[in-house]
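K.L.:
Spelled out, the chains give:
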Amino acid sequence: MILDVHGIEMSYGALKVLHGISLGVEPSETFAIIGPNGAGKTTLFKVLTGEAMPTAGTIRYKGQDITRLPAHQRARRGFGRTFQVARVFNELDLRTNVVVAVESRLRYSGGSLGRWWRWRPTAAVRAEAEEILERFGFARRRWQDEASYLSHGDRKRLEFCVALATRPEILMLDEPTAGMSPSDRREMTQLLLRLKAETGITILMTEHDMDIIFELADRLMVLNFGEVLAMGAPQAVRDDATVRRVYLGQGHHPGHRHA
Amino acid sequence: MTTLYLYAVFNGVVLGMAIFLVAAGLTLAFGIMKIFNFAHGAFFMIGAYIAHAVTGQEASSLPLFLGAALVAALAVGGIGILTDLAIFRRLGNVPHEYTLMAAFGIMLFCTGAARIAFGQSVHAIYPPEAIGGFSNVGFLVSHYGLFIIASGVVVFLVLEIGLNRIWFGKMIFAVARDPWMADVIGLRVQRLKLASVAISFALAGLAGGILVANQSLSLDLGHSYLLLAFCAVIVGGLGSIKGAFIASLIFGLAESLNSVVLPTMPGIGSYALLIVLVLIRPQGIYPELSQ
Amino acid sequence: MNRIAQIALLLLLAAFLFAPFLVNPGLVFIAGFALIQIVFALSWNLLFSYAGLISFGHAAFFGVGAYISAVVLRDGHGIHFVLVILICAVAGAVAALLVALVVLRRASGVQFAVLTLALSQLIVVLIGYSSLLGHDEGIAAIPRPVMEFGLFTLDLNRPLTNYYFVLAICLLAVGLMWLLVKGHMGRAMQAVRIDAERAAFIGIDVWRVRVVAFTISGAFAAVAGALLAPWGQIVTPDYVNWLQSAQPLFAALLGGAGFFWGPVVGVLGLSGINYLTRTFAGLSEVLVGASLILVVLLAPQGVLGAVRQFARRRGGGNPGGRP
Numbered sequence: 001m002i003l004d005v006h007g008i009e010m011s012y013g014a015l016k017v018l019h020g021i022s023l024g025v026e027p028s029e030t031f032a033i034i035g036p037n038g039a040g041k042t043t044l045f046k047v048l049t050g051e052a053m054p055t056a057g058t059i060r061y062k063g064q065d066i067t068r069l070p071a072h073q074r075a076r077r078g079f080g081r082t083f084q085v086a087r088v089f090n091e092l093d094l095r096t097n098v099v100v101a102v103e104s105r106l107r108y109s110g111g112s113l114g115r116w117w118r119w120r121p122t123a124a125v126r127a128e129a130e131e132i133l134e135r136f137g138f139a140r141r142r143w144q145d146e147a148s149y150l151s152h153g154d155r156k157r158l159e160f161c162v163a164l165a166t167r168p169e170i171l172m173l174d175e176p177t178a179g180m181s182p183s184d185r186r187e188m189t190q191l192l193l194r195l196k197a198e199t200g201i202t203i204l205m206t207e208h209d210m211d212i213i214f215e216l217a218d219r220l221m222v223l224n225f226g227e228v229l230a231m232g233a234p235q236a237v238r239d240d241a242t243v244r245r246v247y248l249g250q251g252h253h254p255g256h257r258h259a
Numbered sequence: 260m261t262t263l264y265l266y267a268v269f270n271g272v273v274l275g276m277a278i279f280l281v282a283a284g285l286t287l288a289f290g291i292m293k294i295f296n297f298a299h300g301a302f303f304m305i306g307a308y309i310a311h312a313v314t315g316q317e318a319s320s321l322p323l324f325l326g327a328a329l330v331a332a333l334a335v336g337g338i339g340i341l342t343d344l345a346i347f348r349r350l351g352n353v354p355h356e357y358t359l360m361a362a363f364g365i366m367l368f369c370t371g372a373a374r375i376a377f378g379q380s381v382h383a384i385y386p387p388e389a390i391g392g393f394s395n396v397g398f399l400v401s402h403y404g405l406f407i408i409a410s411g412v413v414v415f416l417v418l419e420i421g422l423n424r425i426w427f428g429k430m431i432f433a434v435a436r437d438p439w440m441a442d443v444i445g446l447r448v449q450r451l452k453l454a455s456v457a458i459s460f461a462l463a464g465l466a467g468g469i470l471v472a473n474q475s476l477s478l479d480l481g482h483s484y485l486l487l488a489f490c491a492v493i494v495g496g497l498g499s500i501k502g503a504f505i506a507s508l509i510f511g512l513a514e515s516l517n518s519v520v521l522p523t524m525p526g527i528g529s530y531a532l533l534i535v536l537v538l539i540r541p542q543g544i545y546p547e548l549s550q
Numbered sequence: 551m552n553r554i555a556q557i558a559l560l561l562l563l564a565a566f567l568f569a570p571f572l573v574n575p576g577l578v579f580i581a582g583f584a585l586i587q588i589v590f591a592l593s594w595n596l597l598f599s600y601a602g603l604i605s606f607g608h609a610a611f612f613g614v615g616a617y618i619s620a621v622v623l624r625d626g627h628g629i630h631f632v633l634v635i636l637i638c639a640v641a642g643a644v645a646a647l648l649v650a651l652v653v654l655r656r657a658s659g660v661q662f663a664v665l666t667l668a669l670s671q672l673i674v675v676l677i678g679y680s681s682l683l684g685h686d687e688g689i690a691a692i693p694r695p696v697m698e699f700g701l702f703t704l705d706l707n708r709p710l711t712n713y714y715f716v717l718a719i720c721l722l723a724v725g726l727m728w729l730l731v732k733g734h735m736g737r738a739m740q741a742v743r744i745d746a747e748r749a750a751f752i753g754i755d756v757w758r759v760r761v762v763a764f765t766i767s768g769a770f771a772a773v774a775g776a777l778l779a780p781w782g783q784i785v786t787p788d789y790v791n792w793l794q795s796a797q798p799l800f801a802a803l804l805g806g807a808g809f810f811w812g813p814v815v816g817v818l819g820l821s822g823i824n825y826l827t828r829t830f831a832g833l834s835e836v837l838v839g840a841s842l843i844l845v846v847l848l849a850p851q852g853v854l855g856a857v858r859q860f861a862r863r864r865g866g867g868n869p870g871g872r873p
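Residue numbers (our numbering), protein chains in the order written: chain C, 1 to 259; chain G, 260 to 550; chain P, 551 to 873.
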């Protein structure tokens, strides 16, 4: 198990939001967390990424306890993260966005950042950044564009470039297709499938779109009111009576389904 | 020996209340306008000068003295409204760093203008006879000091009760907490904001009017109180009146005891205290309204 | 940087290089002060535009450099002046580090600003205690050093030598800051300023970046201060007060804080104001204060920002990268 979460409890003051959540994620698996708004998905996600500290419970990553570790330490150990509303470095151009991430990785892993008097990124850093940008479909002529001018879908793709530049082993995706048009959503799904196939990266994501989940997730967990309602393979969860009753609704609805 | 310490404690309380008079308007301004008004000291100074202009070197009676302070409060409140309309309002969309710098600019501007208008001269000011005396309770207690303490407590009570109990204050509080919601439930946000601005600046002017007799009237008048008031606001928790009250007392006592315990190094006590308190509790004593 | 900007910069450099042959000694004196202010302002902007922190008490670090330099020169310890500058840089760095450790512990924007102000006042207070440092009067009649370099000697009592020495050190300082800012450290600092959380999630230790930026900024401010002692030959607590702390702030805003060369433009403007108002007490404060307000209200991007906007409109505009 690459990520072992046990008994996570979280309270905001007197309000208890998470009541003892436990889950395990296997390497190279794609694990999805779903649930209605207010179920505690975001809170759980924040606890897992290091933005919030749980009031109880443990998180073990590759056997090591990371429960109290701040976000940047988790990133250095192999966590990558994207945000629901894509966050990139607006004032920097596309290439520099990725370069910053690559240089950060080199800095904490002891790699070379070039001689001190050379201010430009080294050829190796530049090449790596450019390769990532190309892989995600950004044409060369756009590399010097300022990130603030990107469309919504492009920002999400750029954020992936930035997140993957640190070569994470586990990617935390916060609603990766939120607010996307159907074509962008298809593209994102393809991108993620390709990523899984090529790198074997572990993915932990929250999502609302059931179609995406069925295409991508190996296992999923249903949260409701801060508790685990069901956990397992998508088909099994979908057929689970409790889940159907509480959450997905009775009966079989053809076509696109929203959670 | 104990009388020396008692005297120091008394002075500390007086100083603490003086600091609070300055800090109150400052923390209110932050709580409501979310602006840390660096220029607060300048308005304090303007208040002092106005009060002095009304009473002359020594106020002939206590009512006149108080009246002058009120005049100062009103005048500075008015100036504050103008400043808000001309400057702070326009800075709504600008990142907050720029607002800080604009306030800093206002402070420079006012200090410079005062220097031009009043020159470098220093005037000695005396409190009115009614409170100019001293009593001996084992050590000398100045009546003026008692007056300052009383003023501080009165201001504190008025603000605490006013903001928390009385309808007008509660509206201001609501506007400060959530302007959008306040608007939704029909409160006249703009007017209330203006009223709050006026009150917070008026407090600066009032402080100037009351404290003017504590020191000689000069341009650096504001500086010594001002910095301590800044510290008190930070330590007390931005936006909290109670916090400012307690913190002001702490700093006043620190300064005063410092001059008894370490007479060769005046002033260091409050800085040491500031550093320690910020390290222990960076969000302030009552962090309710801080961002 | 485009052609026009490069040419402008070269012209400015030429102006400083040939100043002693172009203008009267009085203005050369001002030019030297301007160079020192440029280094000071750039050190401040390093912190503001690259790490996103506003220091309202930066004059404290400037003062550390100025006072150490003054004391060493006055008491005639015979230490090589270049070494003195390095000592001042280290002292500035240490002071800034200490302040950073206190202030960057979870303190937010406003608290940070006020704390830097308070701590710089603390330094003023500490200086005031010290008879070594001349209490409130400061240190006057600072002798100018003579430096042996083996093959040649630099006697700063000779005006030309003094000026070119200051120019050389300032160019070196500016160059180093430029390298820092354009290099990977600068990129990391910018990332922290633009989106600290995002930066954290790519493994950047935000706190550490801020502390390092603060320390470096303090070092360069102290270097500027160190040059002041032999140049102006007088160092007083006035060099450490609020108005002094406002100078780099204003210079950066006026010139355009978002540009590396912005503070340079701002210093030139500021030097002009200070020179023109030097005889009228209080007027410089009024003008600086008023201009600060106007700049914030009307042109927060500063002169260079306005120039860029103008150029964009004329050139049809394209989403270019950072300058």
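Worth flagging that the hints you see were computed from the coordinates, not collected in a lab.
Please read these numbers as outputs of a predicted model, since none were measured by experiment.
A virtual CB, placed ideally from N, CA and C, is assigned to each residue, including glycine.
Some hints here could point you the wrong way.
To be verified - Ranges between beta-carbon positions, derived for each pair:
{"no.": "1", "chain 1": "G", "residue 1": "V268", "chain 2": "P", "residue 2": "H685", "range": "27 to 33 Å"}
{"no.": "2", "chain 1": "C", "residue 1": "E134", "chain 2": "P", "residue 2": "R708", "range": "57 to 63 Å"}
{"no.": "3", "chain 1": "P", "residue 1": "L651", "chain 2": "G", "residue 2": "H402", "range": "42 to 48 Å"}
Said to hold, decoys possible - If you want the footprint, here are the derived chain P segments under chain G, 3+ residues with CB under 8 Å:
{"no.": "4", "stretch": "620-630"}
{"no.": "5", "stretch": "664-671"}
{"no.": "6", "stretch": "735-741"}
{"no.": "7", "stretch": "810-823"}
Said to hold, decoys possible - Partial list, computed: chain P residues near chain C (C-beta under 8 Å):
{"no.": "8", "residue": "V578"}
{"no.": "9", "residue": "F702"}
{"no.": "10", "residue": "L704"}
{"no.": "11", "residue": "L729"}
{"no.": "12", "residue": "K732"}
{"no.": "13", "residue": "D745"}
{"no.": "14", "residue": "R748"}
{"no.": "15", "residue": "A750"}
{"no.": "16", "residue": "G753"}
{"no.": "17", "residue": "D755"}
K.L.:
Each hint should be assessed against the structure and marked as holding or not.
P.N.:
Against the structure, the hints:
| no. | hint | verdict |
| --- | --- | --- |
| 1 | V268/G x H685/P: 27 to 33 Å | 29 Å, holds |
| 2 | E134/C x R708/P: 57 to 63 Å | 60 Å, holds |
| 3 | L651/P x H402/G: 42 to 48 Å | 45 Å, holds |
| 4 | 620-630 | violated (count 0) |
| 5 | 664-671 | holds (count 6) |
| 6 | 735-741 | violated (count 0) |
| 7 | 810-823 | violated (count 0) |
| 8 | V578 | 32 Å, violated |
| 9 | F702 | 26 Å, violated |
| 10 | L704 | 25 Å, violated |
| 11 | L729 | 5 Å, holds |
| 12 | K732 | 4 Å, holds |
| 13 | D745 | 6 Å, holds |
| 14 | R748 | 5 Å, holds |
| 15 | A750 | 4 Å, holds |
| 16 | G753 | 4 Å, holds |
| 17 | D755 | 5 Å, holds |
The structure is inconsistent with the numbered hints 4, 6, 7, 8, 9, 10, although it conforms to all the rest.
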